[in-house]
Every structure is written in structure tokens, then in C-alpha cells.
Amino acid sequence: MAEAGLIAIGAGLAVGLSAIGAGIAENAIGAAAVGAMAEKEELFGKGLIMTVIPETLVIFGLVIAIMVIGLAGA
Amino acid sequence: MFISKRMVKLNIAGPKSVMECVIKGLHQRKVIHIVDHVKNEDIDIGSPIKDSPKVSEVLIRIRSLLSHLKVIPDNKYKSTKLMSFSEIESFSRETLAELNEILRKSKETDEILKEIRSKKDIIEKLKVLPLPIDAYTDYNSIVCFIGTIEEHNDIKKEIRGITENFEFYSLKGKKPMIALFVEAEKKEDVQAILSKHSFSELNISSVKGMGGTAEENLRDLTKKEGYFAERKQKLNSQIAQMSKKHSASLIASEDILSKELERLQAPLRFAATKNTFVIRGWVPMKQLKPLQEDLMESTKNKIYIETEELKKGERIPVELDNPKPVKPFEFFMDLYTLPRYNEIDPTFLVFLIFPLLFGFMLGDMGYGVITLIAALLLKKKMPNFKRFFNIFIFSSVATIFFGALFGEVFGEEEIFGVALPHIFSRAHQLDILISVAITVGIFHLLAGYIIGFINIYKGHGLKHAVYEKAGWILLFPAVVRIILMLNLINGGIGNFLSLLMPHDYVIIFLAVIGVILILIGEGFIGTIEIPGLFSNILSYARLMAIGLASVQLALVVNEFVKEFFHAGGFMIIAAIALLIFGHLLNIALGWLGCFLHSLRLHYVEFFTKFFKGGAPRFTAFGAKD
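Line by line, the protein sequences give chains A and B. Using the numbering used here, the first residue of the first sequence is number 1, and each one after it goes up by one. Using the numbering used here, the first residue of the second sequence is number 75, and each one after it goes up by one.
One chain only, chain B, in its complex shape (with noise of 0.2 Å):
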């Protein structure tokens, strides 16, 4: 429970000749993690077995379909199907063949409307002109300029002085839209002035050979562009269908095939002399013996294996070891990062504190009542988010709990004028509440310095240990003193706390050890983290500031609706809408909170305090998921 699962370094040596048999009894029985061999001067590493070539070519065209049909990823459809390779080979080749052809359709008509559009829009632009389209090309003595200027006031006049000979066309303005037409000899002049009056040309070569109006042409293209657009529609919705009939097999194919590549290109991991090969690797050490007994079986004695001596510093595997209900809050390891092999896998008093500070802050039976409710039904919705919903029902358990405790039913005390019973009122003993959340700091806190003095006491040593952790516990008398005397824990937890504690001169003596202790273990950057215990015991205090927040919050609400009930009439559904929304709201903001805050807790004032981390996952040969 407090410790990941024991591993076995193991290496397994055998003649080539039985080499798939041992794959394919590793890959069944899932429980080796392959150390990878790196090629060097003397073993370079295995070829893969000779189907593996035809196997990756599927995989990737199974691979392309899925990013193209914009499969979802789901593991619900992962054994569904139970496909032969020959099937899955044909069935990819026809859908891929398929949906290429849609695709190239597509593709043409993309290209189409691009056109379409890039036309309307010149003629758009041309529209203002009183011209028709074909006025503007197809002409051999006069050359044709058609774009914007700046202002066009002298410009007639300027032409002038070059021709007599042209034709302009243009409307009022700011950046007026010209059409000017002169003769092809007097090109260049003509050009330098339009360059003075910063023209910038519009190029309508894609209109050339067309004719009628603007207006003509613009209702016409319009009317192939809807057409197209239709056309372009069809075919996505054509993919969308395929990605539905097909998305279920090839999720399952995807699966099969990576697996089966596995399996096919392990010997690339192995250190593979010509004729012998050798594979090395982690085994748990309850698996190793039948895995033993089933491999010289399988291949009639001809392999050899042997087990290896762990080495100091080496980077071991790591599969957490925790019963079945613990198991859940794995997900918060996971997300952090997973315990060392000689570190002390703390997920168990994560299992025990997690839900009970989150139940502390948001402690009401009623919104305890619908997180369970929601937790259950989202469980069975979301088969893939398992995990995380167990995490959430044991909270919700504990937020009931806590919620009796305090005698909170949405935030009320009462309910239809009995108060409910309670051990004391969060909304109004507030002196009560932060006592109990320091408390619980400093107890959490010192539970963590206790596991790091045994983490270190495991890894190095008892005078490692003492150095580094012992300190840190010796000054909790001091803290707690300390706290006590700026009375941020008092009342009957405060008194306890207070017969607890030895004479003052005992405290002081503790904590000069203790700054010593440390001043020799960390040195003086130790002695400056003394005021962050502070700070971190005071970190607890967020217990009670956001369960205060989450009462105070219902209890607004209930006000409101309480006044708009009074009022009658149509208030009275606005009261009943306000109720749903607020406690709803209150409870996504609670939950959200707590559970973050609860986290954070453990993450950041108790993991510190003991936990390195940074261990490899254990991932079996075979257990691709």
C-alpha cells in the first residue's frame, strides 16, 4: 500500500530460432517493461519480423483515414471488432480509395469556387463603370487601364497634353474606380501620370472573353457559386456519413494493428547478436516465476533467464500498488508525478485526507446529496473519466458528512423552522472553524515531515534524516506556540493544544536544535524557509475562508429568493428559476474551488514536504492501451 509494486531487473538470452515464441508469450502476459537496448560497438539491436513493413503500411493508411474522417478517439469501440489482418487490409484500401475520390471532388470544386468568387469580385468592382464587360480586353491599337487613383480632378487635363485620342470613365470620390482608354503608342507617358496619382491597377484578366453587363454576369456567377457551394456541401456531408459508418472499425483496426506492430517490431528493442538475441527488463517480482515457468515451457527449454542485482541510482520502473477503493487517487500521482521506488507512495493518505478537506470546505448535505447524485450519473456517461468520478463520489461522501456536522442543508440551519442539529455553525463560529483548519494544518504538516524523515531514513540514512527532517519537526512545538499566542486557534481546540505543549523553556530548547539541525543540513537557505512553515500551516486557513464563502453564498441566495417568494404572483416562478441557478451555480463554483484548494493542499504544503518523485511509469510490453 505505502509502497510501489517490487520490481525484478531480468534478462532473457535464447538462439533466434525461438525468439517469436518468447515475443509472443511476453506480449500475452503483459508483464515486462522493456529496457531498450542502445546499439553500440559490440550488439547492435534485432530487425523487426518480416510482416512488420506490411503491418506499419495498413496501420499508416488506417492512421490517415482516422485524421481524415476527424475520428474521435473512443475506447468503447476498441473490442468491438474482432478483424483479421487480411480484412482490415482490404476494408482500408476500399474506405481510403473512397474517400479519396470525395476528396479530389471536393478539391476540384474548391478550386471552382475560387474562381467564381475572384471573378464576382472583379466585376464587382467594375460594376460602377458604365460599360459592359467585354469593352475592357481584346484590343490590339489601344491599350486599356483600369484600376483606382488618388483624386482624378486634373487628370483629364493632363492626358491632354499627351493625346487627343482616349476615352475616361470614372466616377466621384474618394479612390475613384477609372477606366481609361488611349492609344497603345502613348502607353508610357500615359502610365507616368497615372503612377503620379498613385493608380493602382486592377487586373481583370480572368474576366477576358466575357460579355453583357456587369449586372448579367454578376447574377449568373452567383447562381453557379450557389451551385457549387451545394455541390461542396453534398460532399462534406458524404465524409460526415463515412466517418460514421466507419469510425467504430477503425478505432478497433487501429487498435489491433499498433499492437500487432508492437509485437512485430519488439526485436528492434533487443540486443541481437546473428543468431542469438537478448532481451532485458522489469518484472514485477509476484509475476516472475509463472512468467518463468510459462516461457522455458513455450519454448522447450531452450532460453536462459537470468535475474540481474539493482544498482544504486538506478532509474527503476514504477507501478503503484494500492486496494481496489485507494486506487482512484492514483489519478492525482499521475498528474503530478509518480513516487520513486524507495520513496513511500503517499496515495493512501491521499485517499484518507483528499475527500475530507474538500468535504470541510464545501460541507453541506444538500449540495453533498447532488454531487453524489451527479458524480454516479456522469460515471456511467463517462466510462473513460472512471477515475476522476470515484474521486468525486468519495468527496461528495465526505461533503455529506461534514455537511451533517455543521447542520447545513443549502446553506439554512433550519429547515421549515426546526434547526437541524449541528456540532457547531460554520456561518456564525467563525473563531471555531479557523481553529479547526490550523489545527488540522499543523497535524498534516507534521504527518508529511514524519514521511519525508522515513523517506530519507529508507534512502540515506538515519544521519541524513535527522539533519534534513528532524530539524523541521523540532520547531513545531515553537510554531504551534507561537499560533496559539496570536490566538488563531483558541476556544476548547485551543486549550487542548495548549496542555499539549511542554514548558516554554523546553519549546525554546527544541527549536534552537532544530535551527541548528538545520542550519548544518541546508544551510543558511535553510534557516530562511523557517517563516514559509508559517506560511504554510496559515495556508490552511483557505479551509475555512472558502467553506465561509460557499454558506455565505447560499445564504444570499436564499435570501433573494425569500424576498421575491413574499412578493407572489409571477415572482414566484422568477424565485424558484433564481433558486435552481443560484444553488447550481454555487455548487459548480464550490466544487471547482474545493476540489483545486484540496489539491493544492496536498500538492503544494504536503507533498513538499517529502516527496521527489520523477520515477519512469511501468508500462508492460503488450499493454498498449
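The shape of chain A in the complex, shown without the other chains (with noise of 0.2 Å):
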């Protein structure tokens, strides 16, 4: 079953480069959303929405992933 490892690699990947692309994005934003924080404390609730759109894509890594997985077990 060397296609096996293959599949484990693929799914791997789905999680991994959407998790560094995320994080990339959340980098910026996060960093601006503590910013306007500092200066007004409600924007709490805004900041976190901002802050973890970008999260979606690692989601969608996973939702990947796991479609690889079930496409092996099929």
C-alpha cells in the first residue's frame, strides 16, 4: 500500500499550507485588532471576528483532508 502513504501525505498537506496561510493572515490582523484594542476596549468582540476569518481556510484544509482519507477507505 504505498498509495496509502501517499494519501496520508496529501491530507498532511490540505492541513498544513492552509494552516501557514492562515496564520499568515491572521498575523496582520491580529496584530492590528490588539492595536485598536489598546485605544478602545469594546472592540473585543469586532477584533475576534476579524481576527479569525482568515481560520476558515484551515477548516476547509481539513474538510479536505478528511475527504482525502474517505477517498482512500473507498
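Derived by calculation from the structure, the hints in this document are not laboratory data. Each hint should be verified, as a subset may be incorrect.
[Unchecked claim] DSS-like cross-link-like pairs, simulated, lysine-lysine; straight-line CA separation at most 25 Å:
1. B/319 - B/144
2. B/98 - B/128
3. B/144 - B/194
4. A/40 - B/194
5. A/46 - B/686
6. B/401 - A/46
7. B/319 - B/348
8. B/194 - B/298
9. B/249 - B/270
This structure is a prediction, so every number in the text was calculated from the model and none was measured.
Two chains, two frames, some hints: make the complex.
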């Protein structure tokens, strides 16, 4: 089952790369959000929402990974 | 429960003679949110009651003490001491005098220390030259250059070109220290040569008048420095002692005075003429009658109270109204923003769903019990964060509940060879886990849109509600159908959802109407967000992912521990340490992750479907915390 290894690598790449992407995006947003919060504390809610928007990328990556592994099972 | 406290807008008018009486009544009852009067051409604001400058002066004194003594504000001291104004006054004056004396001495010591250190610094540099300290100063016909130069290989030769009468001391090496004595007449010429060699002069004026060798002086100065440093330390510890001794009184009197000042300065927030005043404010409807009766009685019917009609678009202060167990969850609304007056207050829904999402993610009986105990202990220790720990307690109970469903204790599914009963296993039945997670997402979001529909229906009428929210709701069958097609939900839950689905043509028909409604309601931009509905729902897959990560980490810890344990001997101690450390780490990580992600699912996915918020908080006059 050499394919199993490739499938596992594919699934890992899907999660890992999308996580890196989300990380890069959240880096800038998070810094700005914390800056805004330091000025105005009420912005916590909005800041949090803005910061976690790129997180969806990882979720997509995760779903792809699950589907890839699911395909392997089929 | 779903609606904040109903408010009435109130105008209280009366003659100035009863103003203090009215203020006192309002201050005690703590039920009115005063709307500040803005000074205009017709009516000015009132002027503070006469004691106010005196009180604010003492308050400033107390606050300066608080900041100098670095007293940490602590609510538990607030009502420990009841002191009269004159007591506070003399207490603050004496304490401040005492503190100022210490601060003066401390500053003095600082200056002396600074001087000693700068002298030491200079002598430290002079030490390399073989001359006593007094050799450098107090000459009439000779000038002395002391400092560093770049290099001094041929400098002697150059100076000899000007004069023969000079003395030159220096060391070898990079940037050496030099001392050069020449006759005063040749000063400028020598200076020119030196500056060519990038000479930088050392200012030695502060060691003028000192005798003896550099070593002797250094020893002396170090001794002195030690003495004054010790003195400085003593003064610091005196301040620390004062802080310890007075912190309770200081916090209590700050509290008393700031409340008093709020009362005395209240007229600044009223509209006032020469002889009358008008107070405008919001009062919870339930409190209106007792307040009215109370004020009428205490002023002997000398005032006039009227209620005003609500205007559209007015910023009405909001006070949430929830039963006691739900109250802690208002913390999340405070953190986010308060719902507007006419919006549904989602606190109760958060109360229902937050612990469930949390528990589903952490889902382990062992971890649940530990976090529950931790929450109960910490709640006693830190009464200021009571609300927070109450949330923690609800979440821990949910964790134990889900732990029982999954049959998990510290990541293990069997204890001493006996398998725990479970509905399904998280570690092995991933497909069920993700099916449940995404199904939760679908229904949570659907609930969000339905609440949004109600909000808009209440605020702007049926037409707006249909355009803005019904379109999204109609899209749901199509979204669920696609998710089923992708096989993200399968097994029993998938079959059940498939049964709920109408015929495909109906689904397409509903979706088309939905898209049309969104186009009408929100325009082209709205349709761009339709894929966002998928990402919102798939976002709930984190319920599975975080839970899985927590279980796997626990299992890894257990595996390691077992290996160590079998090795025997000394390794058993290491195994126990690893067991405790590993699981505590996992609990801390799991707790943080589950809390934040459960919160995020509420804030980002759920709230954005219906919640606008941004209402000002109801702050009762006199209820200063």
C-alpha cells in the first residue's frame, strides 16, 4: 500500500499549508486588532471576529483532508 | 429573558430648594440612568453642591496616595470601613505628609547616589593612569587634557613641535586614555593637534578637590554607595509597609468619597435655571412607581414627574434581564456588545449552547471533574471573577456529561480492562463525530437566521424581514443537500437528514427563490456571501477537530506513561510526573481551546446572523462600582 502513504501526505499538506496561510493572514489582522483594542476596549468583539476570519481556510483544509482520507477508504 | 428591561423616560422638575433632597433619594434608590443635559442658549447646567470642592480635594489626595503606594484595587475592602468625612480628611492629610517626607528623603538619597556613581565612573577611567587624583586639577599656568584619543603613536612628536614643556601619560592599546599637561599659553595649539587625533575629553570637574590615589578613592566611594543604597532600600521598605498598613482604609475611603462626589456633582448633569431644575433619565418600568411615590413623599409633593414617549431611533440604555443561573453568561455580552433595546437578548441561548459546545469538544469525564474542582476552588479564591468561574462550572458539568456519552476517562476508553459504555467513541468513530459537529452547525445557524428574522420583523416590519433573512433560510435545504452529497454527514444522522429533505426539485425551487430574495434584499453583494454559508457551517467541524486533538494528546501521554511504567524502578517516578504534567498541560490547552472556539462559534458564526448590538449600558446614578 504505497498509495496510503501518498494519501496521508496529501491530507497532511492540505491541513498544514492551509494553516500556514491562515497564520500569515491572522498575523497582520491580529496585530491591528490588538492595537485597536488598546485604544478602545469595546472593540474586543469586532477585533476577534476580524482576526478569526482567515481561520476558515484551515477548516477547508481539514475538510479536504478528511475527504481525501475518506476517498482512500472507499 | 429574551428581552432587556423595559425602560421609561422620565423628567423630574422642581424648585431648587428640594434639589438636594431629590438627589439624595435618587442616589439611594440607584434606579435612574441620568441623561446629561447639554448646555444650550436657553438652559444652563446646574452648579455642584457647595461641599464638592472640599471633597474632590481630599479625593485627589487619596488617589495620589493610592498611586504612590501602589495599592492594588480590591473590591473586598470596599465596605470594610465606614469613616466620616472628617476622619478621612485628617487620615489622608497625615498619611500624605508622612509619605511626602519619605519621598523627599528618597529623592535626596537618589541624588547623592547618582553623584557618587558618576564620580566612581570617572575615577574608574582615571585609574589606568599612574597619577593621584589631585594631580589633575587646580593649576594656574598649566592646562591638563584628559580623555581618549584614536591612537597616540606620533602625538608626542607633534607636540614637541610646539613646546618642550609638557608631560604625557598614556597607555597602549585601542582608544587609550591620555593625560597631557602643557603650559597654558600653548593651549589652543595643542588642542588643535589633539582634535586631529579625535580626542574626546573626560569631564573631571566633579572629582575636583579630591586627594589620594584612585584606588583609595574608589574604595571610599564604594563604601559610601553601599551606605546610601541601604538607606534607599530602607525607605522603599517603609513605603511598602505604609502601603500594607493603609491599603484597606485607602480603598474604602476612595470608594466612599467618589460616591459622595458623584452625588455632590450631580447637578452638573441637570438642566437648571436660577430657581428650578430638571432631571432627565431612564428608569426601569418596574421601579417607576415606587420611585415616584418615594420622591413625592420626601419632597412633600413639591416636584413634578412626567414620563415621555419613546422616540424612534433613540439610544435607550440597556440593562439585561435574565434569571439567576443565566446571569453569568451576560459576561459574554459585556465582552462583545450589548443588544439594542428592541433586539432579542441572546444570553439565554448562549447559556444553553455554550456549555454544550464546550463539553462536546473537551468531552472527558476525568478532565471534566478536574476542571469542575478547579472552578469551584478558584471561584472562592477570586470573587471578582465569579461570573467567569460560574461559566466554567456549567461547562465542566457539560464536559462530564459528554465524557460519559463518549465513555472517556483521561483519554482512555477502558479502565483496568473494563470497557466503559459509550454511545460512540471519539477516537475511533470519526465519521460520526464530524457528522454530529456539522449537523450542530446547521441547526445553530438556522436558529441564528430565525432570530434575525424576528429581530428585523420587530424592528422594521415583515417586508424587510423576508428580504433580509427569509432568503437565507430558504437556502438551507440546498446547502444541507450539498453537504450530504459531499458525504460530510453520513451514517444514521445522514440518513435522518436525508429523510427530512424534500424532493430535489422542491429544494432547487426554494433555493432559487432564496437567491432572488437575497438579490432584492441585499443586492449583488449579498449573493457573493452565499458560499460563506458553507464556510460557516463547515466551521463547526472544529467541534470534531479540537475534541480529537485533545483525545489524541491524552492517549499519547498515556502511552508514554505505560512504557515508562513497564521499565520499572526509577522510571516509575518519572512516569507519575509525566502523567500529571501531561494531563495538566492537556487540560490547560483543551480548556483554553474549547473556551475560545466555543466563544468564537457564537460570536462569529451565530451572532452575525442576527445581532447588531451597540446599545449604551444602563448605569444607575449612585451605583458606582
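Hints, one by one, checked against the model:
no.: 1; hint: B/319 - B/144; verdict: holds, 12 Å
no.: 2; hint: B/98 - B/128; verdict: holds, 19 Å
no.: 3; hint: B/144 - B/194; verdict: violated, 33 Å
no.: 4; hint: A/40 - B/194; verdict: violated, 48 Å
no.: 5; hint: A/46 - B/686; verdict: holds, 11 Å
no.: 6; hint: B/401 - A/46; verdict: holds, 23 Å
no.: 7; hint: B/319 - B/348; verdict: violated, 47 Å
no.: 8; hint: B/194 - B/298; verdict: holds, 11 Å
no.: 9; hint: B/249 - B/270; verdict: holds, 14 Å
When each numbered hint is compared with the structure, violations occur for hints 3, 4 and 7.
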